[in-house]
Amino acid sequence: MSTASKTDKHSQCDSGEGTPRAKGGKLARRARSFKEDFLDILAQMRSPAGARSGSPKPSPKHRTTSGSEPPAELERNPLRDLDLHVRQVQFALKHFRDVVSRNKLEVLPGNGTVVLETVTTIHSVLKTYVFIDQSSALVSATNQVYQSLAKLIRLCDDVLLMGDKAISKENVTEVVHLVEDAVQNLVTLASAKIMEHSSKTLNHSKPQLDRSSTYSLEFSQRSSLPDIPLTPRERQILEQTSQSVTPHHSLSSESVLHDDVPPPKPPLPNRSWGS
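Per the numbering used here, the sequence shown starts with residue 392, numbered consecutively.
To be clear, the hints were calculated from the coordinates, so they are not data collected in a lab.
In this text the structure is predicted, and so the values were computed from the model without any measurement.
Among the clues, some could well be false.
Said to hold, decoys possible - Cut-off 27 Å, straight-line C-alpha distance, at most; resulting in silico cross-link-like pairs (BS3-like, lysine-lysine):
id	residue 1	residue 2
1	Lys542	Lys485
2	Lys518	Lys584
3	Lys485	Lys556
4	Lys560	Lys495
5	Lys495	Lys485
6	Lys560	Lys542
7	Lys485	Lys560
8	Lys542	Lys556
9	Lys518	Lys495
Between the sequences and the hints, there should be enough to build the whole structure, so can you do that?
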């Protein structure tokens, strides 16, 4: 009996210790995978090629059954794409809160990776616009997004290291609201900047045509240099010159008009003088 009881005790101890080890192994694997995903995403965000590699894939909703390509307006609509990515971030953060409320902390790092990837996609879409980097307000909003994401990642790391002790519903709610507000602020500013840039481009193209037409009209009307005012002495000399030249000019014009009229005959010699 003593041998059997000892065996049962050993089996109970082994079974009792097996669950924490298995759970610890899962958390360690989750931590390693989360760290690798996080480093890969950071490398994509810092490298210039990351904007191309992290570009969003076309939604399957726009695919047609005939295999033809979707219209151009469905392919390139940054405002619609940004709104879609914001909703994805909101959905991922809602799932993040649900994971904490249900105490499913083993899937928390994976959910944090989803949030990070979605925000990275928004960053990649905005990097395609060069003028985004020239706005101080957008740069400040982007830094706020980075800071809120850093708090979210730190929260996931604390859960992996210390478990339930490192997390509370109030802390999770605060961090989630920080990320959501920062992303929403960034997308709102970027959308306004994109619309402003588009309107400026349209307005800039129209005045160019108007200026060219006005310039051609002015050039056709003005064929000589502008008149310079004359001094009284110069005006007097000009009037005297014009008075002396006018008769010659009239004679020459009459001669041109009456070209076919023969010249007058010379006078006959004086016969009385000859006789």
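Sort out whether Lys560 lies within 27 Å of Lys485, counting only the CA atoms. It holds: about 13 Å lies between the C-alpha atoms, which stays within 27 Å.
With a cut-off of 27 Å on the C-alpha distance, tell me whether Lys518 and Lys495 pass. Status violated; Cα separation ~35 Å.
Hint check: Lys560 vs Lys542, CA-CA at most 27 Å. Holds or violated? 15 Å, holds
Does Lys495 pair with Lys485 here, judged by a C-alpha cut-off of 27 Å? 14 Å, holds
27 Å limit on alpha-carbon distance, applied to hinted pair Lys542 and Lys556: Cα-Cα ~17 Å, so holds.
Between Lys485 and Lys556, is the straight-line Cα distance small enough, at 27 Å or below? Status holds; Cα separation ~22 Å.
Hint consistency between Lys560 and Lys495 [alpha-carbon to alpha-carbon, up to 27 Å]: 13 Å, holds
Is Lys518 within 27 Å of Lys584, Cα to Cα? 13 Å, holds
Straight-line Cα separation of Lys542 and Lys485 no greater than 27 Å? Holds - the C-alpha atoms of Lys485 and Lys542 are around 17 Å apart, at most 27 Å.
Checked against the numbered hints above, the structure violates only hint 9.
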